[in-house]
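Peer 1: All chains should be modelled from the sequences, with the hints used to inform the complete structure.
If you count the sequence shown from 1, position 275 lands on 274 in numbering that gives the first Met the number 0, and the numbers rise without skipping.
Worth flagging that the hints you see were computed from the coordinates, not collected in a lab. Be a bit skeptical, because a hint or two may be false.
Unchecked claim - Pair ranges (Cβ atoms, derived):
1. Ser297 - Lys41: 22 to 30 angstroms
2. Leu44 - Gly127: 28 to 36 angstroms
3. Tyr323 - Lys4: 50 to 58 angstroms
4. Gly42 - Tyr146: 29 to 37 angstroms
5. Ile135 - Asp227: 26 to 34 angstroms
6. Gly32 - Tyr79: 27 to 35 angstroms
7. Thr197 - Glu39: 22 to 30 angstroms
8. Lys41 - Tyr323: 41 to 49 angstroms
9. Asp121 - Asn153: 36 to 44 angstroms
10. Glu103 - Lys4: 27 to 35 angstroms
11. Asp185 - Asn327: 14 to 22 angstroms
12. Asp272 - Asp129: 25 to 33 angstroms
As the structure is a prediction and not an experimental result, all values here were calculated from the model. C-beta atoms are modelled at their ideal positions from N, C-alpha and C, and glycine is treated no differently.
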Amino acid sequence: MHNIKITYFGIVRSISSWSKISRELINSLLKNGVDINIYERKGFLYDNNFKLYNEERLKFSNKFVGDIVFTFEHPINYKYLPDNITKIGFLVYEFTQLPELWVENINKYLNLVFVPSHFTYDVFLRSGVDEKKLRILRYGINPDYYYFDGRMINRVRSFLCVASPQKREGVDILLKAFYAAFKNRDDVKLTLKLSYNTDNSKPFEIPEFKKMISYYSNLFGKRLVVIDKKLSEKGMGDLYRNSDIYFSLTKAESFGLCFLEAIALGRWDICLDYSGQTDFLDENNSIFINHSIIETDSDLYEKTDYKQYIAMPDIDDCVKKLKYLYNNQIAHLPQIKNGISHYYWDEISKEFLSIIMGVNNHY
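Peer 2: Below, the structure written as structure tokens:
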């Protein structure tokens, strides 16, 4: 048992990646005997009917209780954190220079900020975040749902992509490349799992997204399966297991959780060798698409005054490698540095506890 009380301040009832990360960390901390209190927030894709596993063990007080608060909220909300408590933030960022408000509020309000990759760490440090406050804590998987079922993949015929309509995630480019590679192949399937769908695109989303999806659905017919409803973690695990490979042309990720989940299920990734996923992706688990680094502002969901950069996939190289995958066997299972158990949430939560206990004792 750990003689420590922690409040989580943030959203938990959502399919957003940061909600999932918070839920998994909370549940692993509970297993380690930590007293966890939840001050619940509502936000992106909030769903009041969202089913929480181990809900009977969760305490929702909607107030700050205990020694430490950790939050996965936007930095604009740090002003709501109490003064007399150790304050820890979790953040992701996919571009190359933080907004000034982020830097100001991290340095002003937080005792510690966790980021999931060396890529993001470097962006935060270069942007002016106090180095003494910065820590890297990788994200992980729950082996109850993301596990290898023993099915060896030889011929690649079924592709999976988990994405959203955001321009950064490159669904438009992915569909274009996939069609160019396989328009005359009837035995290939792409499953596109969307966190949401929209016909009213925001500036950082692909224009007329729903119309684009309909266009490619008509071209592919049954070869394109689009899922935009909520799935449980078990359902998501089954989605990977029913596919042969994970395919994404996302232009930048702070970590790239889907890539890790695919490897945990014994599936290779085909993607870019750029940004957060480079901490754990290499030639032993991934096929990399060539890319160039370009300046962008249309991909940004939060405008800044700085030049921002992302990776742009080489479509021709992507088509070439998709065809190669079709025509050649996968020789072996994907391998990952340190082994997949290094990415179990129970292991990660122990590291988190060790770090925050030291910080709490200091303050």
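Peer 1: Would you mind marking each hint as holding or not holding in the structure?
Peer 2: Going through the hints against the structure:
no.	hint	result
1	Ser297 - Lys41: 22 to 30 angstroms	28 angstroms, holds
2	Leu44 - Gly127: 28 to 36 angstroms	31 angstroms, holds
3	Tyr323 - Lys4: 50 to 58 angstroms	54 angstroms, holds
4	Gly42 - Tyr146: 29 to 37 angstroms	30 angstroms, holds
5	Ile135 - Asp227: 26 to 34 angstroms	33 angstroms, holds
6	Gly32 - Tyr79: 27 to 35 angstroms	28 angstroms, holds
7	Thr197 - Glu39: 22 to 30 angstroms	26 angstroms, holds
8	Lys41 - Tyr323: 41 to 49 angstroms	46 angstroms, holds
9	Asp121 - Asn153: 36 to 44 angstroms	39 angstroms, holds
10	Glu103 - Lys4: 27 to 35 angstroms	29 angstroms, holds
11	Asp185 - Asn327: 14 to 22 angstroms	19 angstroms, holds
12	Asp272 - Asp129: 25 to 33 angstroms	30 angstroms, holds
Consistency with the previously given hints is maintained throughout, with no hint failing.
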